[in-house]
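Chemist: Using the sequences and the accompanying hints, generate a full structural model.
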Amino acid sequence: DAGVTQSPTHLIKTRGQQVTLRCSPKSGHDTVSWYQQALGQGPQFIFQYYEEEERQRGNFPDRFSGHQFPNYSSELNVNALLLGDSALYLCASSLVAGVENIQYFGAGTRLSVL
Amino acid sequence: DAKTTQPPSMDCAEGRAANLPCNHSTISGNEYVYWYRQIHSQGPQYIIHGLKNNETNEMASLIITEDRKSSTLILPHATLRDTAVYYCIVRPAAQKLVFGQGTRLTINP
Chain A
1 DAGVTQSPTH
11 LIKTRGQQVT
21 LRCSPKSGHD
31 TVSWYQQALG
41 QGPQFIFQYY
51 EEEERQRGNF
61 PDRFSGHQFP
71 NYSSELNVNA
81 LLLGDSALYL
91 CASSLVAGVE
101 NIQYFGAGTR
111 LSVL
Chain B
1 DAKTTQPPSM
11 DCAEGRAANL
21 PCNHSTISGN
31 EYVYWYRQIH
41 SQGPQYIIHG
51 LKNNETNEMA
61 SLIITEDRKS
71 STLILPHATL
81 RDTAVYYCIV
91 RPAAQKLVFG
101 QGTRLTINP
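Protein chains in written order, with our numbering: chain A, 1 to 114; chain B, 1 to 109.
Calculated from the structure, these hints are not laboratory results. What you are looking at is a predicted structure, and each value in this text was computed from that prediction instead of being measured. Heads up, some of the hints might be wrong.
Unchecked claim - Stretch-level coverage of chain B by chain A, calculated; a stretch enters the list once three of its residues show a Cβ under 8 Å from a Cβ in chain A: (1) 43-50; (2) 86-98.
To be verified - In silico EDC-like links for lysine to aspartate or glutamate, alpha-carbon gap of 16 Å or less: (3) A:13 x A:85; (4) B:96 x B:31; (5) B:52 x A:100; (6) B:69 x B:58; (7) A:26 x A:75; (8) B:52 x B:31; (9) B:96 x A:54; (10) B:96 x A:100; (11) B:69 x B:31.
Stated by the list, open to error - Pairwise CB distance ranges, derived in the manner of DEER restraints: (12) B:77 x A:40: 25 to 31 Å; (13) B:57 x A:84: 36 to 42 Å; (14) A:8 x B:57: 21 to 27 Å; (15) A:12 x B:104: 26 to 32 Å; (16) A:62 x B:104: 21 to 27 Å; (17) A:8 x B:40: 18 to 24 Å.
We put the beta carbon where it would ideally sit given N, CA and C, even for glycine.
Modeler: Shown next, in the form of structure tokens:
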């Protein structure tokens, strides 16, 4: 049973560029959440997707957008990259019908913006 | 903002029980207590969760006080591989996870 998978594992971009990160949820899960983790900090919630719609959003600018596909996989897009966007980007999946709604995380994508 | 308070760091000897405290004095009746850990900038790993009762699984035990204002995560026989940052999170089910700074647990040989 595959867990949450993210690609790529590492990425280097320059300021002003755009980036797309991908996430495949754990088998049987229908909800995907994205988090940003700066060095030395705890993860910060970006947004959550369920039924191909954004359901919750954290305090992130519109440069951060996402998408969920019919197979429940998801993409995170960041436009006009800033140096401060350098971070570990984490995807977590869960089952909305699960009573306690436990989120399981992937290994993350480390983005470096130069 | 995180609704929990944890000590920034703790040490424990290998083979001993590691007891990690968490204060959540403003917890609401519908909020669960979740524990995650993060090893060396890998993705956070779910450990255990509870609402009112104490819980145990293959990884750890969770003790929640009767007034639910605090809890303790217990790793019964700590190994070097348990060295990680441990996060205590309270939230209603289906809501976002709000991570604080966590407790950096170091297991010493």
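Chemist: None of the hints should be skipped; say for each whether it holds.
Modeler: Hint check results:
1. For the stretch 43-50 of chain B, the stated coverage by chain A is satisfied: 5 residues place a CB nearer than 8 Å to a CB of that chain, which reaches the threshold of 3.
2. Coverage of the stretch 86-98 of chain B by chain A holds. Counting CB-CB distances below 8 Å, 7 residues qualify, and the rule asks for three or more.
3. For the suggested pair residue 13 of chain A and residue 85 of chain A, the alpha carbons sit about 10 Å apart, so the restraint of at most 16 Å is met.
4. Restraint check for residue 96 of chain B and residue 31 of chain B: satisfied, since their Cα atoms lie roughly 12 Å apart, inside the 16 Å limit.
5. Proximity of residue 52 of chain B to residue 100 of chain A is assessed by CA-CA distance (about 13 Å); at most 16 Å being required, the pair is judged to hold.
6. At most 16 Å may separate the alpha-carbon atoms for a hinted pair to count; residue 69 of chain B and residue 58 of chain B exceed this at roughly 25 Å.
7. The hinted pair formed by residue 26 of chain A and residue 75 of chain A meets the criterion: a straight-line CA distance of about 15 Å does not exceed 16 Å.
8. Between residue 52 of chain B and residue 31 of chain B the alpha-carbon distance is near 10 Å, which keeps this suggested pair within the 16 Å criterion.
9. A hinted pair counts as satisfied when its Cα atoms are at most 16 Å apart, and residue 96 of chain B with residue 54 of chain A qualifies at roughly 13 Å.
10. A C-alpha spacing of about 12 Å is found between residue 96 of chain B and residue 100 of chain A, which places the hinted pair at or below 16 Å, so the restraint holds.
11. Annotation: proposed proximity of residue 69 of chain B to residue 31 of chain B holds, straight-line Cα distance about 11 Å (limit 16 Å).
12. Between residue 77 of chain B and residue 40 of chain A the beta carbons are some 30 Å apart, a value that agrees with the proposed interval 25 to 31 Å.
13. For residue 57 of chain B and residue 84 of chain A, the hinted distance range of 36 to 42 Å is satisfied, since their beta carbons lie about 38 Å from each other.
14. Between residue 8 of chain A and residue 57 of chain B the Cβ separation comes to about 33 Å, which falls outside the hinted range of 21 to 27 Å.
15. For the pair residue 12 of chain A and residue 104 of chain B, the beta carbons lie near 28 Å from each other, so the given range of 26 to 32 Å is met.
16. Under the hint 21 to 27 Å, the C-beta atoms of residue 62 of chain A and residue 104 of chain B, about 35 Å apart, miss the expected range.
17. Separated by about 19 Å at the C-beta atoms, residue 8 of chain A and residue 40 of chain B satisfy the suggested range of 18 to 24 Å.
Of the numbered hints given earlier, the model fails hints 6, 14, 16; all others are met.
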